[in-house]
Structure formats: structure tokens, C-alpha cells
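> Order-wise, the sequence lines are chains F and L.
Take full-length UniProt numbering: the final residue in the first sequence is number 407, and no numbers are missing along the way.
Take full-length UniProt numbering: the final residue in the second sequence is number 407, and no numbers are missing along the way.
It should be emphasised that the hints constitute simulated quantities derived from the structure, not laboratory data.
Keep in mind that this is a model prediction, so the values were computed, not measured.
Everything hinted at is true.
DSBU-like cross-link-like pairs, simulated, lysine-lysine; straight-line CA separation at most 30 Å: (1) L:Lys216 to F:Lys147; (2) L:Lys216 to F:Lys216; (3) L:Lys269 to L:Lys206; (4) L:Lys257 to L:Lys308; (5) F:Lys374 to F:Lys398; (6) L:Lys374 to F:Lys135; (7) L:Lys135 to L:Lys147; (8) L:Lys216 to L:Lys135; (9) F:Lys340 to F:Lys398; (10) L:Lys119 to F:Lys216; (11) L:Lys216 to F:Lys374; (12) F:Lys340 to F:Lys257; (13) F:Lys154 to F:Lys308; (14) F:Lys206 to F:Lys135; (15) L:Lys376 to F:Lys135; (16) F:Lys376 to L:Lys216; (17) F:Lys206 to F:Lys257; (18) L:Lys85 to L:Lys135; (19) L:Lys374 to F:Lys216; (20) L:Lys374 to F:Lys147; (21) F:Lys308 to F:Lys340; (22) F:Lys376 to L:Lys135; (23) L:Lys135 to F:Lys374; (24) F:Lys147 to F:Lys216; (25) F:Lys398 to L:Lys135; (26) L:Lys119 to L:Lys85; (27) L:Lys153 to L:Lys135; (28) F:Lys147 to L:Lys376; (29) F:Lys85 to L:Lys119; (30) L:Lys216 to F:Lys119; (31) L:Lys376 to F:Lys216; (32) F:Lys175 to F:Lys165; (33) L:Lys85 to F:Lys119; (34) L:Lys147 to F:Lys216; (35) F:Lys135 to L:Lys398.
Short, incomplete list of chain F residues facing chain L, as computed with Cβ under 10 Å: (36) Leu80; (37) Trp101; (38) Thr136; (39) Thr139; (40) Asn369.
Glycine included, C-beta positions come from ideal geometry on N, C-alpha and C.
Protein chains: 2
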Amino acid sequence: MAKVSDRIVRLAVFAVFIVGAIVFLSQSSSPAGKYTRQSTTGASSSSSSSSSAQSVLDKDLAPSSLQSNSKLPFDIPDYLDPNYKRENATFISLARNEDLWELVDAIRSVEDRFNSKYKYDWVFLNDQPFNEEFKTVMTSLISGNVKYGVIPKKHWSLPPWIDEKKAAQTRERMKNIIYGDSVSYRHMCRFESGFFFQHELMQDYKYYWRVEPSTKLHCDVNFDVFKFMREENKDYAFTISIHEFEITIETLWETTKEFIQQNPQYLDKNNFMDFISNDGGETYNLCHFWTNFEVANMDLWRSEAYQKYFEYLDQAGGFFYERWGDAPVHSIAAALFIPKERVHYFEEIGYYHGPYNNCPIDDEIRIKNKCMCKPKDDFTWQDYSCTRRYYDVLGLQKPLGWEQHTG
Amino acid sequence: MAKVSDRIVRLAVFAVFIVGAIVFLSQSSSPAGKYTRQSTTGASSSSSSSSSAQSVLDKDLAPSSLQSNSKLPFDIPDYLDPNYKRENATFISLARNEDLWELVDAIRSVEDRFNSKYKYDWVFLNDQPFNEEFKTVMTSLISGNVKYGVIPKKHWSLPPWIDEKKAAQTRERMKNIIYGDSVSYRHMCRFESGFFFQHELMQDYKYYWRVEPSTKLHCDVNFDVFKFMREENKDYAFTISIHEFEITIETLWETTKEFIQQNPQYLDKNNFMDFISNDGGETYNLCHFWTNFEVANMDLWRSEAYQKYFEYLDQAGGFFYERWGDAPVHSIAAALFIPKERVHYFEEIGYYHGPYNNCPIDDEIRIKNKCMCKPKDDFTWQDYSCTRRYYDVLGLQKPLGWEQHTG
Chain F
1 MAKVSDRIVR LAVFAVFIVG AIVFLSQSSS PAGKYTRQST TGASSSSSSS SSAQSVLDKD
61 LAPSSLQSNS KLPFDIPDYL DPNYKRENAT FISLARNEDL WELVDAIRSV EDRFNSKYKY
121 DWVFLNDQPF NEEFKTVMTS LISGNVKYGV IPKKHWSLPP WIDEKKAAQT RERMKNIIYG
181 DSVSYRHMCR FESGFFFQHE LMQDYKYYWR VEPSTKLHCD VNFDVFKFMR EENKDYAFTI
241 SIHEFEITIE TLWETTKEFI QQNPQYLDKN NFMDFISNDG GETYNLCHFW TNFEVANMDL
301 WRSEAYQKYF EYLDQAGGFF YERWGDAPVH SIAAALFIPK ERVHYFEEIG YYHGPYNNCP
361 IDDEIRIKNK CMCKPKDDFT WQDYSCTRRY YDVLGLQKPL GWEQHTG
Chain L
1 MAKVSDRIVR LAVFAVFIVG AIVFLSQSSS PAGKYTRQST TGASSSSSSS SSAQSVLDKD
61 LAPSSLQSNS KLPFDIPDYL DPNYKRENAT FISLARNEDL WELVDAIRSV EDRFNSKYKY
121 DWVFLNDQPF NEEFKTVMTS LISGNVKYGV IPKKHWSLPP WIDEKKAAQT RERMKNIIYG
181 DSVSYRHMCR FESGFFFQHE LMQDYKYYWR VEPSTKLHCD VNFDVFKFMR EENKDYAFTI
241 SIHEFEITIE TLWETTKEFI QQNPQYLDKN NFMDFISNDG GETYNLCHFW TNFEVANMDL
301 WRSEAYQKYF EYLDQAGGFF YERWGDAPVH SIAAALFIPK ERVHYFEEIG YYHGPYNNCP
361 IDDEIRIKNK CMCKPKDDFT WQDYSCTRRY YDVLGLQKPL GWEQHTG
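Bound conformation, chain F alone:
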């Protein structure tokens, strides 16, 4: 007993030390470094590594306020700071109970590479109630609060104005293309396009990061992605962009043009039209952001412009009479309704969703973030990707040697 109370006293003293120290320290952190502070830990954790990589590891590109931490007996990463202020953000995954084991590795990957440090919440949505096994396993793996929600029937069913026969004929006609014959896939696309951000569990949040089964993060994410979004005024961020199968969205662009003609006020004057169209808006070039990875500000989807746009698309029926995906829908909206500078490409977030990889071709980035991917597998600069166009339209400088990763 004496020993125990003795320990508690020591711990109490320790607590005072830490709090005082953290407060002390927090006053001296420069805003610029905030969401890259953790990168110093990444470097120092390998400080005993062989010189070959060390030279690179020591280079920390970010002006981090914890740089000088290497002078400390050990690094105190920002996420251990009890005063660390998380953003108003959550992860979100749409899943069925049977997806549990397919999803576990993807969740663990995000936890290992990012969220075990920052401990953001995670929202799971399902058209059926989640079972105990799903909830117990996921809750054990996730560092933040975990919330499980059921999707309202009206957000996962054919709306009254849709002709069931015609929808069935579409599925028959499209049965030879991927998910062409699937009703639930179409409900998913419609839900991800127009409803997920309306779910009651999502009302508490502004930013989200979408995670799907069978995906993987290749590299450590050594900064607070959500803080970056807010501080850099980004509303939509992606890792992989790609061309859509035209057959799934035959009338999407015509419908979009009608909407814009009727509502020109929603078109942002500094929009990203040139990313999605090669002829100033006449036709759609099929470029879209791959939404299986998506970090965005829900204000974009909750805006009057997008609400009206989705309603217009939903009335047109293309989610069921064709197979409109949430990826082209989100991408077109992000390209038309917000300034193009608010769309961000996360070059340094190594990401995999079969069969494509976002793998930083810059050796320094890969080594600093402990990437597990082969640059030769990177999809970014290949012809079927649209990210080269993203760089061109925004007039950004491409990473050194990108030409060797085309074709």
C-alpha cells in the first residue's frame, strides 16, 4: 500500500511536470510547422539507421517547430500533447457485416499509418444494423470514437419517380460491365453522391476521410491531414484520378450542362472546368477523382449548389437508368462549384486500390515516410490517369523524373 501511494505521488508530480512542460512548449510552436511536426519523429525514430538512408532521413522539408526536439531526450509528437486540438473531422466507411474481414486490413492500415497518432473518430454506415462481431472487432482496432449507423430506407431504395421496370431493363442491358447488373451498387453510388453527409452521425462533422475495403496506405502520414485541409483552404483532396467508363454515364454530362444553363450562378468563376473538359465544357473528358479514397469538406456537399445539382441528377434518374458513379458526380461538382485551388492532390499519401497505386516517385518522400511501394508501380503519370492534367491545368511543377513513369 505504502509503495502504491508513493507511486501515485510520483505520478502526480510527473503529471504536473508534463502539463507545465507542454503548456510551455505549445506557446513556442510555429503555425507553419503544426501539421508537419510529427515528421521529426519519423526521422528521429530512424536516427540509428545506416548512413545511406540517414542523409535523406535527416532532411526534413517542413519548417517544423519540433525540429529542435532532437535535442530532447526523446521526441514529444504533437498528437501526444493533451492540448492538441483535433479538427472537426471523422473517417467514414460504408460497409456490410460480411465486409468485416475485407475491411479490417484497410482500417488497420489507416490506423497504423495515421490515425493511431491523431485518434480521429470513425463512422460506419450500413443499410442493415451492424452485428456484435463487426462492432467489437472494429472498436478494438480504432483509436478514436467509433459510431455505427443504419442508413434510412429512403436513402437506400428506388425513389418513387423511378420506373422499376426500366431500371431492371438497364441492369439486364448492362450486365456485362462491372456492377452493371447490381442494384445495391447503384444504391451505394446514389447514397455516396447525395446522402452520406446528411446522415445524423455525420452532422457532428465538417471534414471526412473515406475508407473502403481492400485499400492500403503505403506510407506513414506524418501530419494531420484534416488540419492541412482547413489551414490550406482545401475542400476536396484525392490520391488517384482516372478516366471513367463512358457507358456508365452516357447522359451525365448533358444533364450537368442543362443544370448549369438553368443555374449559371452556381458555376464558380475560378472553376476547374479545364480538368474535366478538353473543350471548355462542351464535352466531358471522363476525368474524375477515384472516390474510394476521399478527404473533403462536407460544406461542399451541403451547399445549395450541390444540393440542387444532386436533386437534378437524381430526378433525371441516371443512377438507375444508367450507372452513374459517385466519383464522376463528386468530381464534376468539385470542378464546377469551388475554386480550382481548393482541389488538392496528396502526392505523399501512398495509396493502393486494386489495380492502381499512388506511390511517390520522389525517393526522398518515400524514404522519409517509410513507403512500402515500388515507384515503378505508380499510376499517377500513366496515360489512363488524369493527374498529369491536374498539374497542367493548375500550372504546378511536376516531380523530377515524372516522364520516366508515363505510358
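Start from chain F and add chain L according to the hints.
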């Protein structure tokens, strides 16, 4: 400039705080808790999780000295303690340059689940020099010192007393069984049996943890495995045990019996013979520890008993005239030359090497350690495993419900 020096002063003060605090704290840690202290962090990191799993997560089976840390503004895990004393231990992986990408995920898994916390060294051995790509990638992924060594020719070639023709005939004869026709596989088995612990890079160490490509850890390892080995007097530890293909070791047991008859003094009086033989040593029951995962004390292999034993086997030629594996060789030696209590099974270290899994069937263990495996995939209690026998011979109590995982 003024701001910078100001920050350095603050950091210096912070450093003093921390060091003082750690010294203070370290005096109050109980040995019993040492290698399980980290488990409290595991629990507290999920402290915001839903009640369902929380009830389990909060239960910490180990009497940990940092239990009371939950009273702190945040946990200080033992591995962040600058005074934390690592064991004299290293990871070791035998690899070829072309194994790089197959090995990366296995290495990252060990780093994520264990070594990013404890930062033990890693030794890579190869019969050819490692190339720059291999070294740069591995060094960037591993938290501890990384060392790359070349295997001396005499440890990776036919010894002079081996008849090359006869060895070639063996490979022809065995070409239909796995690795039956491979020379390099035989060099590997011989090297892992008799030479790896003699390599100059291994001379600095006492304990090792062997890691192979295409393996995975399913669960967080929330304690210092090497400290456990030393403090609990364990010399050999495994996660999966299994029966050997008899055709690969037809004369191994006869040869072993000859050796024991000639050197009875090496047989430990409290040996584990009953694990490897069902008839008191007359015949070998083919049970062995799967050495693709192996944590052991090299004093065992460096002992006179094992040195003489290996020499005897090597002279007999079975590594080349049959296809003796390092697994049965290590297992037989561990069973005969040390007290059986020094052989340990890591129930809580979830592990995968195709096609078998060690997945804790105890829900509490899986949840507390964030396991990513399905208990129904556990191999431990199936008939082809030998771990049930391990429990029986040592008179250990099997986990609740093991009967549902047999067959």
C-alpha cells in the same frame, strides 16, 4: 532569431522536466510489470471506444506499473523512457536482393506491431552482397540499427565430404516434393541450423527473432519479447508447431539417437523428449516448431552440446543426401538439450505464414491486442499441429473452448 533562441530555452527547460520526471518515475516501476507496461497504452488509446469492447479493453491482465498512468494527461510508454534498457537482442532475416518487396510487408508488420516501439536492431544476411535499393528501403522502414552481412562461402556450399553426384541424385529423386530439387534451399537449411549464430554480425547478440518474407503479425505485441525471454528464463519460443514430411528426414532420428548414445551427457535430465517422441525416444513423432518464426537464446546453439550435435548431423550428410530442415533440427535440439520449461509458446502473438495462422482463440486477448485474425482460422488446436501435445506434456491448462477449434 530572438524567437528561435527563445524556443531553444523553452525546449531546454522542457528537457530538464522530462529527464527529472522519467528518473522519478523509473524508480517506481515494479519488475513484474516491466514487459507488459505498454499494454496499458494499448488500452487507454482505445479508451474512447464504445462500451461493448471497452469492458474487455480495460481489463489488463498484467500487474503493470503504469496502470495508474491513466491518471496522467497521457501515457508515457516504457519504450519512450530514455533510460529504457533494451535486451542484448536483434531481429534476423535471411534474404536475397530479389526478396526485397516480398519481405517489405513482413518487416513493416513486425515494426508496426512491435519494433517501432522497442527499436531493436535488425541483421540481414545474404549469400550475395545486398544492393543499394534493398539497403535504402529496409533502413528506412526499420526503427533500430540495421546491419547487412554476406554469408561466408564455406557456410553456403557443399562441404568437402559431400559427394556431389550423390547430392544431385537426391535432388532428382526428391524433385516432386517441395524444394526437393533445390540446392539453395538445402544451403539455407544447413546455414539456419548450424551457422547463422556464428556470423560476425551476430556475435554482438544473445537473443534473436527470425523474420521471413510473406509472414505477418496479426496482433499488437505490447511487451518486450526479449525481456520476457530473459526474465522468464526461456531459451526457445514459437508460435506454430507442426508435423514434418517424413520423406525429408528419413534418417534424422536414427542419426540423432546415435549421437545421444555416444554423448549421453548432453541429454538434459528434464528434457522435452515426450514432445518429439510418443514412445520415450524410440521413434520421432515428426513434431517440430515452425522456424519461420523463431525467438531464441543463441547460447543454446553456441553450446558444446548443440555444436557437437550439428557437426555430427553435418558429417552424416542428411542436409544434402535427404532434405533435413532447420526446423526439425532446432526442435529436436531444443527438446533434448534444455529443460522443457525453457521452451515457450507465444499464444498472444498472432502470426501468419501461409497457409497457417496462430490466432488467439481467447476473445479478450484478441481485443486487447487489436488482433486482425479470425479465431476460426487458428491452426493451434488442429490435428496437424503439435501445440496440443506441447500443452499436454507440460501439463499446461488449455484456453477455454479449445475443443471447438480442433479437427
